[in-house]
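Every number in our numbering is 788 more than the matching position in the sequence shown, counting from 1.
Worth flagging that the hints you see were computed from the coordinates, not collected in a lab.
Where hints are given, some of them may not hold.
[Claimed, not checked] Below are the DSS-like pairs computed for lysine-lysine, each with C-alpha atoms no more than 30 Å apart in a straight line:
#, residue 1, residue 2
1, Lys909, Lys957
2, Lys930, Lys957
3, Lys859, Lys894
[As the list claims (entries may be wrong)] Beta-carbon label-pair distances, calculated as ranges:
#, residue 1, residue 2, range
4, Asn960, Glu917, 28 to 34 Å
5, Glu964, Ala912, 27 to 33 Å
6, Ile962, Glu917, 20 to 26 Å
7, Thr881, Asp828, 24 to 30 Å
None of these values were measured; they are calculated from a predicted model.
Beta carbons: idealized from backbone N, C-alpha and C, even for Gly.
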Amino acid sequence: DGYYEVDLEGNLSFFNETFSSIFGYSKSEFDMMNYSQFMDKKTSKSFLQAFNKVYETKQPIADFGYEMFTKDGKKLYGETSISLKYNMDGTITGFRGITRDRTEKKALEDELIKHRDSLEKMIALRTKELEEETIQKEYAKKVNTSIFNISSAVTTTQSLDALYPLIHKYLNDIIEIEKGIMFVEIA
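Required output: the full structure, derived from the provided sequences and hints.
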């Protein structure tokens, strides 16, 4: 873990070897460098807001995530803690914290998010397919029932005057079923 201390302006005043090695700078290069020099403007602004929050609330922040850049321009993802630093008489003199390179962890999290999103899409597609199959099975069942009813009416009805209204009713049932299927497909 990299340990750092910065003054109230954000200039590095103390850091361990691990901290400087994370960023690829030598001790002399890093000495009194401002935190904003190894991150982009957006991240620098977020850091400033975090420092201000810690200063105003007197409450530390743990696991503050941010993007940072090494000396050679390589982008890393870091997590840091931020707490106040006091001198002997209790005056706030700056901030201190622990920084960790979480680039691999972030890459794994991003990969997991991609896989989760992919699985969610696959589940949604399969759910839609199963719903369509269920609708088709219900449609086939209702059509078969109507055909069976027509067949039964033909064999059991004694007069054509009574048969035609039954056939008409069962054919209308099939038409209504088709309209329902078309409505479901359109929606």
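task = Decide if the proposed pair is consistent with the structure: Lys909 and Lys957, CA atoms, cutoff 30 Å inclusive.
result = Measuring from Cα to Cα gives roughly 42 Å; hence the hint is violated.
inquiry  = A range of 28 to 34 Å was offered for this pair. Does it hold for the Cβ distance of Asn960 and Glu917?
reply    = holds (30 Å)
query = Between Ile962 and Glu917, does the beta-carbon spacing fit 20 to 26 Å?
reply = At 25 Å between Cβs, range holds.
key: Given hint Lys957 paired with Lys930 - CA-CA distance at most 30 Å   = holds (13 Å)
inquiry  = Against the range 24 to 30 Å, how does the distance between the Cβ atoms of Thr881 and Asp828 compare: consistent or not?
reply    = holds (27 Å)
request  = Could you say whether the range 27 to 33 Å given as a hint is met by the Cβ separation of Glu964 and Ala912?
outcome  = Check passed, 30 Å falls within 27 to 33 Å.
ask   = Given the proposed pairing of Lys859 with Lys894, does the C-alpha separation stay at or below 30 Å?
value = Between Lys859 and Lys894 the Cα gap is close to 20 Å, so the pair holds against 30 Å.
The structure fails to meet hint 1 from the earlier list, while all remaining hints are met.
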